[in-house]
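Engineer: Each chain, written out:
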Amino acid sequence: MPPIKIYQVGHIPSPLRRIWNAFTDNPFAFAGFWAICCLILLALFGPLIAPFSAAHQDPQALLLPPSWDPAGTVEHFLGTDDLGRDIFSRLLHGAHLTFGMALAIVATALVIGFVIGSISGMMTGLKSSILSHLLDALLSIPSLLMAILVVAVTGPGLSNVFWAVGIALTPQFVRAIHQAVHEELQKEYVTAARLDGANPLQIFWYVILPNILDTMIIQTTLGISAAILDIAALGFLNLGAQAPSPEWGAMVAQGLDNLLTAPWTVTIPGVAILCCVLAINLVGDGLRSALSPIRH
Amino acid sequence: MARYLARRLNLFFATSLVLFVVMFSVTAKFPVDHTVALTGIHAPTAEEQASINEAYRLDKGQVSQFIAYLEQRLSGNLGISVTSQNPVFNELTAVLSASFELAFVAGAIALLLGIPLGVLASLSKHKITQHTIMAITLTGYSIPVFWLGLSLSLWFGVRLGWLPISGQINLLYEIKPVTGFLLIDILLWDSRYAWSAFVDALQHIVLPAVTLAVLPFTVVVRITRSAMMSIMEKTYIKAAEARGLRTYTIVMRHALPNAFIPVLKNLGLMLGAFASYAIVVEVIFSWPGVGAWLVSGIYQRDYTVIQGGILAVALIIIFLSILIEVLHTAINPLSRKELYAAH
Amino acid sequence: MTELLKRLTLGSVLCCVIPLLAACGPSRVPSGLVYCSEGNPESFNPQLVTSGTTVDATSQQLYDGLVDYDATSGQLVPSLATAWTISDDERVYTFSLRTGVRFHHSNIFTPTRNFNADDVLFSFNRIIDSTHPYHDVAKNGYPYFQSIGFSELIDNIEKVNDYQVAFHLTQKDASFLSNLATGFAVILSQEYGLQLLQADEPELLDKLAIGTGPFRLVDYVKNDFIRYYRNHHYWRLTPDVEQLVFDITPKSTTRLAKLITGDCNISALPKAGELPVVIDKPNLEVDSIPGFNVAFWAFNTERIPFNDVRVRQALAHAVDKENILRAVYHQTAVEAVGLLPPLSWAYSSNKSLIDYNPEKARKLLNDAGISDLSIDIWAMPVARIYNPNTHKTAELIQADLARIGVKVNIVSYDWSVFNQKLSRQNYDSVLIGWNADNSDPDNFFTPILSCASVDSNSNRSRWCAPEFDRILQAAKSTTDRVERTALYQQAEQYVAEQVPMLPFAHATRMVVKQKRVTQSKLTPFGGISFTKVTPAVVAIEEPN
Chain U
1 MPPIKIYQVG
11 HIPSPLRRIW
21 NAFTDNPFAF
31 AGFWAICCLI
41 LLALFGPLIA
51 PFSAAHQDPQ
61 ALLLPPSWDP
71 AGTVEHFLGT
81 DDLGRDIFSR
91 LLHGAHLTFG
101 MALAIVATAL
111 VIGFVIGSIS
121 GMMTGLKSSI
131 LSHLLDALLS
141 IPSLLMAILV
151 VAVTGPGLSN
161 VFWAVGIALT
171 PQFVRAIHQA
181 VHEELQKEYV
191 TAARLDGANP
201 LQIFWYVILP
211 NILDTMIIQT
221 TLGISAAILD
231 IAALGFLNLG
241 AQAPSPEWGA
251 MVAQGLDNLL
261 TAPWTVTIPG
271 VAILCCVLAI
281 NLVGDGLRSA
291 LSPIRH
Chain W
1 MARYLARRLN
11 LFFATSLVLF
21 VVMFSVTAKF
31 PVDHTVALTG
41 IHAPTAEEQA
51 SINEAYRLDK
61 GQVSQFIAYL
71 EQRLSGNLGI
81 SVTSQNPVFN
91 ELTAVLSASF
101 ELAFVAGAIA
111 LLLGIPLGVL
121 ASLSKHKITQ
131 HTIMAITLTG
141 YSIPVFWLGL
151 SLSLWFGVRL
161 GWLPISGQIN
171 LLYEIKPVTG
181 FLLIDILLWD
191 SRYAWSAFVD
201 ALQHIVLPAV
211 TLAVLPFTVV
221 VRITRSAMMS
231 IMEKTYIKAA
241 EARGLRTYTI
251 VMRHALPNAF
261 IPVLKNLGLM
271 LGAFASYAIV
281 VEVIFSWPGV
291 GAWLVSGIYQ
301 RDYTVIQGGI
311 LAVALIIIFL
321 SILIEVLHTA
331 INPLSRKELY
341 AAH
Chain D
1 MTELLKRLTL
11 GSVLCCVIPL
21 LAACGPSRVP
31 SGLVYCSEGN
41 PESFNPQLVT
51 SGTTVDATSQ
61 QLYDGLVDYD
71 ATSGQLVPSL
81 ATAWTISDDE
91 RVYTFSLRTG
101 VRFHHSNIFT
111 PTRNFNADDV
121 LFSFNRIIDS
131 THPYHDVAKN
141 GYPYFQSIGF
151 SELIDNIEKV
161 NDYQVAFHLT
171 QKDASFLSNL
181 ATGFAVILSQ
191 EYGLQLLQAD
201 EPELLDKLAI
211 GTGPFRLVDY
221 VKNDFIRYYR
231 NHHYWRLTPD
241 VEQLVFDITP
251 KSTTRLAKLI
261 TGDCNISALP
271 KAGELPVVID
281 KPNLEVDSIP
291 GFNVAFWAFN
301 TERIPFNDVR
311 VRQALAHAVD
321 KENILRAVYH
331 QTAVEAVGLL
341 PPLSWAYSSN
351 KSLIDYNPEK
361 ARKLLNDAGI
371 SDLSIDIWAM
381 PVARIYNPNT
391 HKTAELIQAD
401 LARIGVKVNI
411 VSYDWSVFNQ
421 KLSRQNYDSV
431 LIGWNADNSD
441 PDNFFTPILS
451 CASVDSNSNR
461 SRWCAPEFDR
471 ILQAAKSTTD
481 RVERTALYQQ
491 AEQYVAEQVP
501 MLPFAHATRM
511 VVKQKRVTQS
521 KLTPFGGISF
531 TKVTPAVVAI
541 EEPN
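Residue numbers (UniProt numbering), protein chains in the order written: chain U, 1 to 296; chain W, 1 to 343; chain D, 1 to 544.
Calculated directly from the structure, the hints in this document are not laboratory data. Warning: the hint list may mix true and false statements.
In silico DSBU-like pairs for lysine-lysine, Cα to Cα no more than 35 Å straight-line [to be verified]:
hint, chain 1, residue 1, chain 2, residue 2
1, W, Lys176, D, Lys139
2, D, Lys139, W, Lys60
3, D, Lys207, W, Lys176
4, W, Lys238, W, Lys265
5, W, Lys265, U, Lys127
6, D, Lys222, W, Lys176
7, W, Lys60, U, Lys187
8, U, Lys127, U, Lys187
9, D, Lys421, W, Lys29
10, U, Lys127, W, Lys60
11, W, Lys29, U, Lys127
12, W, Lys60, D, Lys421
13, U, Lys187, W, Lys234
14, W, Lys29, D, Lys207
15, D, Lys515, W, Lys176
16, W, Lys29, D, Lys251
17, W, Lys29, D, Lys407
18, W, Lys29, D, Lys222
19, U, Lys187, W, Lys265
One chain only, chain U, in its complex shape (with noise of 0.2 Å):
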């Protein structure tokens, strides 16, 4: 037998659970959440269960259109391209390649970011100031010039586009971080700890980290969103993944040739994106405004 409750408790929850909370009763967020995990999935796995393999050309079926049009074979559900390449199996070979590249993408640069950003924001005068100055350069060159900057350098390729995005998305980073750190320094409670004592590791850990998650959390999903459209403009201009390669961007650029005739090789990989950078802002946008209510 349950115990019997005479007084009614307040369950107060965790922040993290009220966060939560608030997260799930945004359907919008919550179905964004959901189609982020299987994208991780199918970035991990897709290979696995994709019926054809990226680079498998079937002659006898060029520029089938997708499985739903009447001229459509449900062997090849969303069509294929010119060379006979099953489109529903690029996308999936491909997912790890624009998705996957651009979630490590921007694990690395929020951990340079973290260290960097951190580490400037606790510093104040001159030195803070002159690393402004130069982030303030650095963010002035759109992503895509970045790109375009270590294409030249480095030429073309896949493994470039990693570096390419990387290096421009580091400094919004560095930025977003240092900023944070910068504005909760000037705050009463962080002169509260330092009157007690604490010492600036001290600050940095237990006083002023956890007032910067929620930033940290929000400039991510923007990041991501951010790496994955550049990966694809870049993949579409042919600065970064090559010709046969199943990077969605790729595609789109490939389908371009046959976009009169056949221009599902060019909307499918497009959608393929939209909904994948659809997604991440709906979980960014819910996470926002669940975190909204701490952060005033």
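With the hints as your guide, set chains W and D onto chain U.
Structural biologist: Just chains W and D now, kept in the frame of chain U:
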């Protein structure tokens, strides 16, 4: 205020200097001969080599080389294009105006449609209207711009045949460049074809401008909406309502000018992304601007063009973002007060 | 509230509608013709190049040659030469020149005299005489003329009088007149050349071109357009269009889209896959003519392992040509059994010696003792008549070769870089082709496979076989067609055995155009001509 302006100016120079340092060190890393990367001259003669060495002080130390590099670039010498052998500076000025024209039209579309829609979204009490508008903006924010451009050109250009999808104007109109801005040049053009040329140029700009406007449009709608929502809660709005002013007057006179301040600030933050989008849009619609020029430069490994283009675009962005910041301060008394706070 | 909504809506609607309203005014377009071309010309003097794009933009528009091909009959017809006589030993060709032909004028040049023998001497001596002041102005030489051994062929050119010149040959050459009729053998103005030499700007001769052709060059913006005006003093019938614009549009899809939206009237090189779109549009049509060209995959025979004939044979046997015809050409091309297209009189429809046989390919590779082979295929970044999509072809070959265990890396650069790097000769193999400049079968062998063409870099296989050159020489020194056919068949056989390259297709030459543009004429070889094109644009120009 003067002190503030001086500080912003200082910021501009410092940032530009850093940019030049970055470009200088990258130039040394280009996988070509250093002289070609600097000047674009292929296989220079002994004489030319000597004058290059002198101009860029290649025999001196890094610092001295950097100063020489800075002198050359600031005096407008961006070298000659590796492929076309024309001065990069001339090519740059020829393409910049087309980009500005496109950016201006796109920005105008974004503001003229975005602000009313943002106000609408903030005032509307219908959940459906609100959700629709937010869904549209979120999609607009997530859409890959190259795909949007292709889809628009496929539908409006090829399927429906309403609008041209490539280039700036029908090439049969031979317009003499006066200001460099095509739409203005056409109006200055003394010809019986001027009016139809103007219409033709307008038709050509519609699709690229709309594609490019999508990103700033969504940002403007979102920011206007959230700014309006918080402003409409303010006591001075309540007071105005209590005095019996019409909603129209309240919005136009009291709310909107204040809502415009955060919009302006965010426009400044968005410049980099906007430039990235503009490059892709110019490539898709074969718009003869800086972006298409730069991308063809990278395809041809035209290192002087890449340098010149990136320098110019980044400098413009630095300048504009500082300008917007100054404007923001000028129209926003609150931030002026913060100016002298400790930071 | 509602009032506010109304105003907001009205404002937004106005913003959208004004541009549309503006579009409703009467549209008047200046008389002219826009041709969507596939790329930038490399120069404005076709003597210096072999690329079809440059020939299209220059030869037929800006210049004339001494003799010409009749587009319909394929016979040689007079052009700047009104008549010619051939000496009995077939070694002296004497041309009588046309009188009263004026050169173009431009901002920097106004001709003071008409075309005469000096211009002919100037134009050809520039190529053959290495002491000529203009000889070295061409940085990359004269590739076509070098590939056919022109300088060795011409002993000297003699000015008989102002309107007569005689070409003295060192040996008999049945293809000499055909070579003069190509788009490369154009006549430049000597007077302009001397003027530029005095001004110390000789390189302008090939940039700000002056010729006698139906159009004169007005403006060129790289990657954008070339503008020509009609030459009012043209010695033939002056063209119907006042203005000709080449809209440089490298992407085939964009070219077609521009044609659909009316930004251009004629569009070059449609992809075969796009033809259904053209057929669907009531105002567009396709002009096509069997091509005089060949697309091939050339192996750099100076490199290991391509110097081994077994490796070349193996690679050739591994390629499924029919698959390429289907996927790249959409069956608008015929399979190549050799270099000569079916249109040529020396063609013979023997079955190809190089069939699709992966088994055999594997065995040949084994015999050569090669495993784990990894090669580069260079794919042209641009569409050409003979191959509308080289990159796709390369991807197909990549998949074919994977089947025999050969790894392929596809290399591509922007066209100008590609060309430069190609002439530096450090490639494994390249997908390229040849578009004939005249109907003589020799044009398919000497310029691309002879020893002379190795030096001029037009021999992409870098293959030199003296035995093969002897066959070609023998074929040139006779005018008997039966004998020549037999010799060219022997040459084909030789190529099939040695496989310096794998020819795979002869493409159909096509342009798409608006139906109201009439009387454009395609020729199977050489450039495109707009002299007789009548655009109906002129007629609808004034609606009132």
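Engineer: Determine for every hint whether it applies to the structure shown.
Structural biologist: Each hint tested on the structure:
Pair hint lysine 176/W plus lysine 139/D holds up; C-alpha atoms about 33 Å apart against a cutoff of 35 Å. A C-alpha spacing of about 34 Å is found between lysine 139/D and lysine 60/W, which places the hinted pair at or below 35 Å, so the restraint holds. For the suggested pair lysine 207/D and lysine 176/W, the alpha carbons sit about 21 Å apart, so the restraint of at most 35 Å is met. At most 35 Å may separate the alpha-carbon atoms for a hinted pair to count; lysine 238/W and lysine 265/W meet this at roughly 26 Å.
Taking the CA atoms of lysine 265/W and lysine 127/U, the gap is near 26 Å; set against the 35 Å cutoff, the hint holds. Distance check on the hinted pair: lysine 222/D and lysine 176/W sit about 17 Å apart at the alpha-carbon level, within 35 Å; holds. Distance check on the hinted pair: lysine 60/W and lysine 187/U sit about 50 Å apart at the alpha-carbon level, beyond 35 Å; violated. Among the hinted pairs, lysine 127/U with lysine 187/U is consistent with the structure: their alpha-carbon atoms are about 21 Å apart, no more than 35 Å.
Only pairs whose Cα atoms come within 35 Å are accepted, and lysine 421/D paired with lysine 29/W is accepted, the gap being roughly 21 Å. A distance of roughly 29 Å separates the Cα atoms of lysine 127/U and lysine 60/W; the hinted pair therefore holds under the 35 Å criterion. Taking the CA atoms of lysine 29/W and lysine 127/U, the gap is near 27 Å; set against the 35 Å cutoff, the hint holds. Only pairs whose Cα atoms come within 35 Å are accepted, and lysine 60/W paired with lysine 421/D is accepted, the gap being roughly 33 Å.
Taking the CA atoms of lysine 187/U and lysine 234/W, the gap is near 25 Å; set against the 35 Å cutoff, the hint holds. A C-alpha spacing of about 34 Å is found between lysine 29/W and lysine 207/D, which places the hinted pair at or below 35 Å, so the restraint holds. For the hint linking lysine 515/D to lysine 176/W, the alpha-carbon distance of about 31 Å falls within 35 Å, and the restraint holds. Of the pairs offered as hints, the one joining lysine 29/W and lysine 251/D holds, with about 32 Å between alpha carbons and a cut-off of 35 Å not exceeded.
A C-alpha spacing of about 31 Å is found between lysine 29/W and lysine 407/D, which places the hinted pair at or below 35 Å, so the restraint holds. Note on lysine 29/W and lysine 222/D: the hinted pairing holds, with a Cα-Cα distance of about 28 Å set against a maximum of 35 Å. With a C-alpha separation of about 24 Å, the suggested pairing of lysine 187/U with lysine 265/W holds against the 35 Å cut-off.
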